[in-house]
Amino acid sequence: MAERSFAKEVQKLKMGEGETFTGEGILAITKALLENGVGYVGGYQGSPISHLMDVLSDAQEILGELGVHFEASASEATATAMLAASVHYPIRGAVTYKSVVGTNVASDALSNLASGGVTGGALIIVGEDYGEGSSIMQERTYAFAMKSQVWMLDPRPNLPAIVKAVGDGFELSEATNTPIMLQVGIRSCHVHGHFTAADNKRPTQTVSEALENPRRKLDRIVLPPATYLHEAEKLTKRKPAAEQFILERGINERFGAPASRVGLIIQGGTYNTVIRALNRLGLADLYGDTDVDILCLNCVYPLVDSQIVDFCDGKDAVLIVEEGHPNYIEQQIAHMLYQKGKSVKLEGKGKLPMGGEYTGQVMVDGLGAFFSEHAPGLLPVAKVATNEEPIAIPDLSGTLPARPPGFCTGCPERPIFAATKLVEEELGEHHISSDIGCHLFSIMPPFDLGATTMGYGLGPASAAAFHNEDKKGRRAISFVGDGGFWHNGLTSSVGNAVFNKSDNVIVIVDNFYSAATGGQDILSSRADNKTKQTQNSIVDACKGMGVKWIRQIDHTYDVTKVRDTLKEALSTEEEGPKVIVASSECMLNKQRRVKPQLAKAAKEGKRVIRPRFGVDEDICTGDHACMRLSGCPSLSVKDTGDPLRDDPVAAIDQTCVGCGNCGEVADAAVLCPSFYQAEIVSNPTDGEKRRATRAHKVISWLQTRRDAKRVAFA
Amino acid sequence: MNMPVQQPIIARRSPGPDGEKVITLAALAVGGQGGGVLTNWIVAVAEANGYRAQSTSVAGVAQRTGATIYYIEMCRDTGRMPVFALSPSIGDVDILMASELMEGGRAIMRGFVTPGRTTLIASTHRIASVSEKVAPGDGRADSAEVIAAMGLAADHTVAFDMETVAKQAGSVISSSLLGALAGSGALPFPRESYEEVIRASGRGVAASLRSFAAAYDIATGAKPAPETPETPVRPVPVLNVPEKLRADWAKVETRVVALPAEVQDMTGLGIKKVVDYQDVAYGAQYLDMVEQALALDAAPYDLTIAAAKYCARALCYDDLPRVADIKTRASRFDRVRDEVVVKDDQVMMLTEYFHPRYEEFAASMPKGLGRWLQKRKGLEAFYGKHFDKGRRIRTDSLTGFLMLWIVSSLRPIRRRLLRHEAEMAHVDAWFARVLDTAPTDRALATEVLGNYRLIKGYSDTHLRGHSKFARVMSALDLLEGREDAADWMRRLRTAALDDVKGEKLDGALATVRSFAG
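Chains A and B, in that order, are what the protein sequence lines are.
Quick note on the numbering used here: the first sequence kicks off at 42 and runs consecutively.
Quick note on the numbering used here: the second sequence kicks off at 2 and runs consecutively.
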């Protein structure tokens, strides 16, 4: 594990009845799992739910005491399959994934799990990465809930509501023999708040106890004819049971004045945004007290027909607030109302945008439009009268530079792409398939490398069609990270390329961690991990898969070597996929690990070296070719203050970690001799000090001698 | 996404029945600046003052240098939980904090800074984005424009260089941002409560408090903001003239003083650079060029100033002896030690990155030998195989230092080296064009002088610079005699400096050909 401690968070997991828990939404869920007697937890890390995994990983001790089994799953499919433990046994289980990408990966297991159903409560915590700041394609998880007939909770975005949803979810799952999806938006996951804790509970049955007392029921196994039975059961037993549970337990909430002629049916997750919009329209106070009738769906699937129809009864118009596309909820409600012959005017998409996040302004506009049309009397006059002259603010869009995310300072992946760029300068452009992970930032400036990204571990697979009939012709290059490699890249990408005799080049970017998700350990991590078996070789795995041409580069900062290896891979006559494993430790994690160690060693009087790079500004000509091959945050431009010069020169700031990329790039690309590497030695040895003093004496003598013979201005 | 056309709605937050109001605060930061720490501090301050607070963030890209937003809402605790929003809305932000100037500009563009409402707290320092860094010339965004917009957009602006304030206190920007927030008075919390929260955070407390206090005083106006000078401070170079060269140096100095006042500053810098580069005689040669330009010039002497600037640069081309000279100077060692912060009880090892190719090797030889070497393809291949590789030279060690020292000792015979011949041929041709053009179009001649800005870099980069220079200069014949010739010459040069591939330059050249052809 990366040297990042969650000890503080772990302490919060120990809180008992009545204590006030303070923290992020995702941590509140973690605590709620323990309060609800969960028996096992699994999942695949990924924003916004990786924090849950990290904390549980550091909380092995508490989990052990409670008899809870935790493991970091190889993928979301693994995580979902893990919930099989709740099929025959009355054990509560929970898994997490980032959706919608994780849900896609999990969907085979999800279908199987949903078909047979569960005995113990099974909770799938879905971190919905949708809207502004999301790192993935914009789709809804809702469709998965519908197709597999699993129920989906979408609680109001505050800690008490989210914590309650965990308990409700387990009970609903057990009452209906159905796995539950608990959907939390990215902002809910990171919302900071409080809730009143309860005592942690031991599971009613632990997984060890289950192993000692194996059970199986043939009718729960996904095989015909049981599968037909499962389908019928979903429709005739489980769904009606869910509807009953939702009504009886008051899962969905009613706010405002029931007599209102207009109403809103909203997803629980949008509640705060809706209330704020109503507040800004003068229709609610800041505590949410309002005269507008609101049905807040904390369970968005299934919908209870009677509840919806009752709500709509006697109303002129109802607005469905449903984020994302397609508008599944609106369609279902329209269907219900039509079947019942209702004439209430149904609004939804149209008043609100079809797609995109429902941000504050979008909600104000949408609700404003709805009330203006259907209840103009409700809106305070002051809200619709515009008597303010807007102040003209200059348009800065042409000035502001874009600031997309990029590689961190000292990132070991940067030199790999610098080398690729050099290869392209020499051999021309190639088709490049990219993959998910930090290395995807190669798509951005200054590298501008990579044409597609098709899914985690699928970089090389997405180059599969590119088979060149000309053996000496150009080959596709594809990238995959170590995380993606173990996720499924080994089989889907590497195995597939071997089997189909692909001639393409595969670069496996190995940074010792699942770095993009926060530095979790994976199979090939180099660190020792008490609870995991690490240090499994990627090279051996590839060889085992049948790869013949494989090169390991153990220091990616050697740009020349990476470039030459890549060139060799693109030109060798050897058949089959050419695999390059480029390994260097993620700098962010390395710094976290090494910095305290070095500081400690220096304090103890041990010899410690701190590397730093610099630029001789008199030698730098201000062409910035180095930056076109780097993009390191610590390498930037600065003015020289010299009136004889026009352009800013390169400069390296204090944040430099001395990775060496600058010098290596300058060397490999034959750029310029401006760069120097300074290594500052704390607690030098006596011999070292003597040598330094002696050299200094001679050097000073030479310098003084020269200066006596010329006019110098420096 | 067709929205019905409607009257814009005035959406202002309504207070609670007891008159309580929510305060909204958004912080825009660049990933890695510690926005999370700042957020936690503000929440803690609010809660310590009997407020309820909620914070949210989108942390996914925070560590990786992208732009990120943190959002906080707070409200006096009346016993009921307010419904807090999870993200900032256009026109609904009371306090906007930006930890970098362009992020402040971005906040304005996104509608988070509302006239008559928003207090804008922004650090005016710059973190250049990748797009600003990669231009071969100067690609940096215009700060003045953003600062002007801040004044218009915000109700109240607190803007100064909070990065420098934090650094001077030995801290990081989150502490000075907090100080500026406290000092702005935008939140109804006493100063002590902020300091208490910093103290409770437990790490780097003393430095954080210093930085907080400095920023607080600047925000309240009690102290002036740190100066961000137009031109950055750099160690002022010292002129050192040895005894036996004083007389020679005095002669060239006399010539500089004889020039018109407008020209003296630039020529003064130029002569020092040139003499430092080679010798006093070389300086005299430089002054010849400046005086030739002056003969064709009149007040305000733009042509001569440009000649003083660009002739100095043209004469001081970057060759191996030059690089070796700079790398072996005492002043340079001091500067490096200062830059990388070496304490007295520490030792510094210094490695230089060199990669001389056969071309540079041959050019560093005396003319005859150099030319002979240039023709020997076999030798070139041999060099390529055995010597064409990166060299790491340790200049803190005697051996490494001596290697560079010897190369730097070529300076006295530089005029006899092959490289010098090539450079001078190029400089002479260019300067001849300047002198040809000046009598008819002085502005155009001034621009032609400025074209030397295109020649920069080493090896391939240097060649690319030369080729751009040649292409820009090729338009001279087409432009001569036109009213707007100087303007076009400048545009061509700007195009060449703007992108690497030269597509903009191609476009600009095509335009020139279209009207001049």
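Derived from the structure by calculation, the hints contain no laboratory data.
Careful: at least some of the hints might be erroneous.
Claimed, not checked - Here are the simulated lysine-lysine pairs, DSS-like style, with alpha carbons at most 30 Å apart:
| hint | chain 1 | residue 1 | chain 2 | residue 2 |
| --- | --- | --- | --- | --- |
| 1 | A | Lys513 | B | Lys386 |
| 2 | B | Lys344 | A | Lys602 |
| 3 | A | Lys750 | B | Lys245 |
| 4 | A | Lys636 | B | Lys386 |
| 5 | B | Lys390 | B | Lys378 |
| 6 | A | Lys636 | A | Lys571 |
| 7 | A | Lys383 | A | Lys275 |
| 8 | A | Lys573 | A | Lys641 |
| 9 | A | Lys205 | A | Lys55 |
| 10 | B | Lys378 | A | Lys608 |
| 11 | B | Lys378 | A | Lys644 |
Tell me, in ascending order, the numbers of any earlier hints that this structure violates.
Hints 2, 4, 11 contradicted; others consistent.
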